[in-house]
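Visitor: Construct the complete structure from the given sequences, taking the supplied hints into account.
Protein chains: 2
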Amino acid sequence: MSTRVRILGTGLIGTSVGLALSRQGYDVTLWDPSPTAMGLARDLGAGRLATAADDAPGAEPEVVVVAAPPDVAGAVVAESLSRWPHAVVTDVASVKSAVLQTVRASGSDLSRYVGSHPMAGRERSGAVAARSDLFDGRAWVVVPHDGADPAAVTLVARLATDAGAALVTQMSPQAHDDAVAAVSHLPQLAASLVAAQLRGMSQEAVEIAGQGLRDVTRIAASEPGLWTQILAGNAASVRDVLVRLQGDLSRVVEALDQVAAGGSEGALEVLARTISNGNAGHALIPGKHGAVPTAYGIVSVVVPDTPGNLARLLVDVGDIGVNLEDLRLDHGLGQPFGIAEVAVVPSAAESLAAELVRRGWRLHG
Amino acid sequence: MSTRVRILGTGLIGTSVGLALSRQGYDVTLWDPSPTAMGLARDLGAGRLATAADDAPGAEPEVVVVAAPPDVAGAVVAESLSRWPHAVVTDVASVKSAVLQTVRASGSDLSRYVGSHPMAGRERSGAVAARSDLFDGRAWVVVPHDGADPAAVTLVARLATDAGAALVTQMSPQAHDDAVAAVSHLPQLAASLVAAQLRGMSQEAVEIAGQGLRDVTRIAASEPGLWTQILAGNAASVRDVLVRLQGDLSRVVEALDQVAAGGSEGALEVLARTISNGNAGHALIPGKHGAVPTAYGIVSVVVPDTPGNLARLLVDVGDIGVNLEDLRLDHGLGQPFGIAEVAVVPSAAESLAAELVRRGWRLHG
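From first to last, the protein sequence lines are chains A and B.
Each residue of the first sequence is one higher than the one before, counting from 0 in numbering that gives the first Met the number 0.
Each residue of the second sequence is one higher than the one before, counting from 0 in numbering that gives the first Met the number 0.
These aren't lab readings, by the way, just hints derived from the structure by calculation.
Careful: at least some of the hints might be erroneous.
As the list claims (entries may be wrong) - Covered stretches of chain A (in silico footprint by chain B; criterion: 3 or more residues with CB under 8 Å from a CB of chain B, positions within the stretch not fixed):
1) 101 to 110
2) 134 to 148
3) 164 to 171
4) 181 to 191
5) 223 to 234
6) 263 to 276
7) 315 to 324
Said to hold, decoys possible - If you only want the chain A side, here are some residues facing chain B, beta carbon under 7 Å, derived:
8) V152
9) A195
10) I218
11) A220
12) V258
13) A259
14) A279
15) G280
16) P285
17) P306
18) L309
19) A310
Said to hold, decoys possible - Here are some of the chain A residues that sit facing chain B, going by a computed Cβ distance under 10 Å:
20) S1
21) L48
22) E59
23) H116
24) A178
25) L197
26) S201
27) E203
28) V237
29) R238
30) Q245
31) L248
32) Q257
33) A282
34) L283
35) G307
Cβ atoms here follow ideal geometry from the backbone N, Cα and C, with glycine treated the same way.
Guide: Structure follows, in structure tokens:
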């Protein structure tokens, strides 16, 4: 028998969970306070609508996924624990201590509750933006509190894996909230605050923006209602990381004041350190397969810009017996050729380079 | 006769200008204090090396493009104005008032100088990262000062258009510096400061990051040396926008303090307004001078992460008879496969996709 999952809330995340689990053969039933949203999720293939028969003894959900907004998630979890006395209940809210606190205050059977947080989202909301592959390759944090039933934890972790998550990791509620304050809530606020400075600028001035501004502010299109709940639900942790940011920002402003007033070596050093500290932080963000980027050996090869050359290069790399770890192509339209940056394990780079030259390839740099 | 252009400085921007103008039939001569960088730019097709004959009467450059680092650009412009007494001289530095000030202080013939700023760049530097299409679809700001010869302004604007810029706009030096403080220098600092907060976090905590952090911090990989010069060269304007940011940030911290202490309606309103102000600013960013210089058709193909598959895919693309315009390889977190985004001319995308599926490839999304 396939696992019976009830999804409460058919917005972006709930519907995407339904699509992903239905794809894996779970028996998914849906509910949402909005019949329209619920019907849309059903039509999209996220599951079937829950009926009274789905609550009959023996047919009840084994797992309940609460995909409600963060400020009501705790109440819905508590309600679900009492309504389905044998089900494991999880939620997907972006903040975890606040939800746990509400559930605990309700006096519910806490052993069957295991919070979780899929690290996926989009700037768009609602069932219509849902995707069955929303969680593919993403992290999903399982957040057991003290006293959670280990079997329930295992069940929620399996659900995350089945939904497509590539990295299912466990953290305590506090560790989770501190981590997302830095890797999710801070970037959101930075994007919003940077974008907000554009208001009142002339159109011609904003129009000259390049790709940097677009990348930094992409998530500034996020929904105010949802984000107010997320930030308020993680107020203490977000405040801590913002206070650190304030300190760094003050030092930059002070340095710019000094430069504007005629400059000083120390001020330039502060500016340089600000950028290089950013380099260091950026280098910690995982690249391929979630690992901290390994320093691959890079062999840069000139690829004549006629059909088939890149394929020929990769066939040669394969023939030489080296595994291609990554590939980056630099390919100017009007340029007479492109540069292929072939990433391989460091120990293989030198012999690969030599063998490619022997086969007639020209290296770059 | 084709226009004679001298490019002084063959880094990323100078070499890209050379590639783009050579493509348009300009007679481009190159110079760089580093013979290696200069030779590389020549080999890439950015132009030919300048010789004494290129400075003979009648053969002198008509336009000189100073593509030197921001802190020396002014001096090189002044030198060029005196060395080539009939040439129009422009520069491509990211800051304009500071460069103009240096040129003015030198007592040069200011009428032949017209500052400019192509709004394009990459996280990588040097001739090796240059592309002939770097400016395609981008904005290029022409920055005439009071007293610039209108014919010189027209010439520089034409050069920008010929280099591929989609939007050639004119601003005063001060208006330019204020605009880039907000649309370029602020995003850089925000990216760097956000990334810097990741230092000292556990690997497991950084590992759960989603796409939002990656986008916000992409440009945090930028070069400290170059950015120190840019920020110092625009200290007053950057300081002004940072002070506004400090004010907004303080209000958020205060609101979070109130929420953590038990909450208040007013505090939630501040958080909501922060995000919605970001929405409003984000909505001002035009979509048209965007990420992809040419609108290719993208076919996303799942590539099993075992040796030889990418080569096999490219061989198939070649067999199908479609020219690969660009290729991006995307490894998901912990995923056993990668996604290859194959860029082809739009009209070929649909049939390529169908043919790849027929050959057993799985498409993504």
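Visitor: State for each hint whether it applies.
Guide: Do the hints match the structure? See the list:
1. With 0 residues carrying a beta carbon less than 8 Å from a beta carbon of chain B, the region 101 to 110 of chain A misses the three-residue requirement, and the given coverage is violated.
2. With 5 residues bearing a CB less than 8 Å from a CB of chain B, the region 134 to 148 of chain A meets the requirement of three and the coverage assertion stands.
3. Counting residues of the region 164 to 171 of chain A whose beta carbon lies closer than 8 Å to any beta carbon of chain B gives 4, which meets the minimum of three for the stated coverage.
4. Counting residues of the region 181 to 191 of chain A whose C-beta sits closer than 8 Å to any C-beta of chain B gives 10, which meets the bar of three, so the coverage hint holds.
5. Check result for the region 223 to 234 of chain A against chain B: holds, 7 residues qualifying (beta carbon to beta carbon below 8 Å, three or more required).
6. Residue count for the region 263 to 276 of chain A with a Cβ under 8 Å from a Cβ of chain B: 9. That meets the three needed, and the coverage hint holds.
7. Interface restraint, the region 315 to 324 of chain A with chain B: holds (4 residues with C-beta to C-beta distance below 8 Å; minimum three).
8. Because the closest C-beta pair between V152(A) and chain B is about 17 Å apart, greater than 7 Å, the hint is violated.
9. Hint on A195(A) holds. Least Cβ distance to chain B is approximately 4 Å, under the 7 Å limit.
10. For I218(A), the interface hint holds, the least distance from its beta-carbon to any beta-carbon of chain B being 5 Å, beneath 7 Å.
11. Checking A220(A) against chain B by beta carbon gives a least distance of about 5 Å; that is within 7 Å, so the hint holds.
12. The closest approach between the C-beta of V258(A) and any C-beta of chain B is roughly 4 Å, which is under the 7 Å cut-off, so the hint is satisfied.
13. Taking 7 Å as the C-beta cut-off, the interface hint given for A259(A) holds, the closest approach to chain B being about 4 Å.
14. The interface hint given for A279(A) holds, since its Cβ lies 6 Å from the closest Cβ of chain B, which is under the 7 Å cut-off.
15. Below 7 Å, beta-carbon pairs count as interface contacts, and G280(A) has one with chain B at about 4 Å; its hint therefore holds.
16. For the restraint placing P285(A) at the interface with chain B, the shortest Cβ-Cβ distance is roughly 5 Å, inside the 7 Å limit, so the hint holds.
17. The interface hint given for P306(A) holds, since its Cβ lies 5 Å from the closest Cβ of chain B, which is under the 7 Å cut-off.
18. For L309(A), the suggested interface contact is upheld, since its CB lies about 5 Å from the closest CB of chain B, less than 7 Å.
19. Look at A310(A): its Cβ gets to within about 4 Å of chain B, closer than 7 Å, so that hint holds up.
20. Interface hint at S1(A): violated, since its Cβ lies 24 Å from the closest Cβ of chain B, which is beyond the 10 Å cut-off.
21. Because the beta carbon of L48(A) sits about 27 Å from the nearest beta carbon in chain B, more than 10 Å, this interface hint is broken.
22. Among the interface hints, the one on E59(A) is violated; its C-beta lies about 32 Å from the nearest C-beta in chain B, farther than the 10 Å criterion.
23. For H116(A), the shortest C-beta to C-beta distance to chain B is roughly 8 Å, which falls under 10 Å, so the interface hint holds.
24. Interface hint status for A178(A): upheld, as the beta-carbon distance to the closest one in chain B is roughly 4 Å, under 10 Å.
25. The beta carbon of L197(A) is positioned within 10 Å of a beta carbon in chain B (closest approach about 4 Å), and the interface hint is therefore held.
26. About 8 Å separates the beta-carbon of S201(A) from the nearest beta-carbon of chain B, less than 10 Å, and the hint is met.
27. A distance limit of 10 Å between C-beta atoms decides the matter here; for E203(A) the minimum to chain B is near 6 Å, and the interface restraint holds.
28. Interface restraint check: V237(A) against chain B, minimum CB-CB distance 6 Å, threshold 10 Å, status holds.
29. Satisfaction of the interface hint for R238(A) is found here, the shortest Cβ-Cβ separation to chain B being roughly 4 Å, below the 10 Å cut-off.
30. For Q245(A), the shortest C-beta to C-beta distance to chain B is roughly 6 Å, which falls under 10 Å, so the interface hint holds.
31. Below 10 Å, beta-carbon pairs count as interface contacts, and L248(A) has one with chain B at about 6 Å; its hint therefore holds.
32. Checking Q257(A) against chain B: minimum C-beta separation of about 8 Å stays under 10 Å; hint holds.
33. Annotation: A282(A) was flagged as interfacial toward chain B, and the flag holds, the nearest CB pair being 8 Å apart, inside 10 Å.
34. Hint status for L283(A) relative to chain B: holds, with the closest Cβ pair at about 5 Å, below 10 Å.
35. Because the smallest distance between the Cβ of G307(A) and any Cβ of chain B comes to about 4 Å, under 10 Å, the interface hint for this residue holds.
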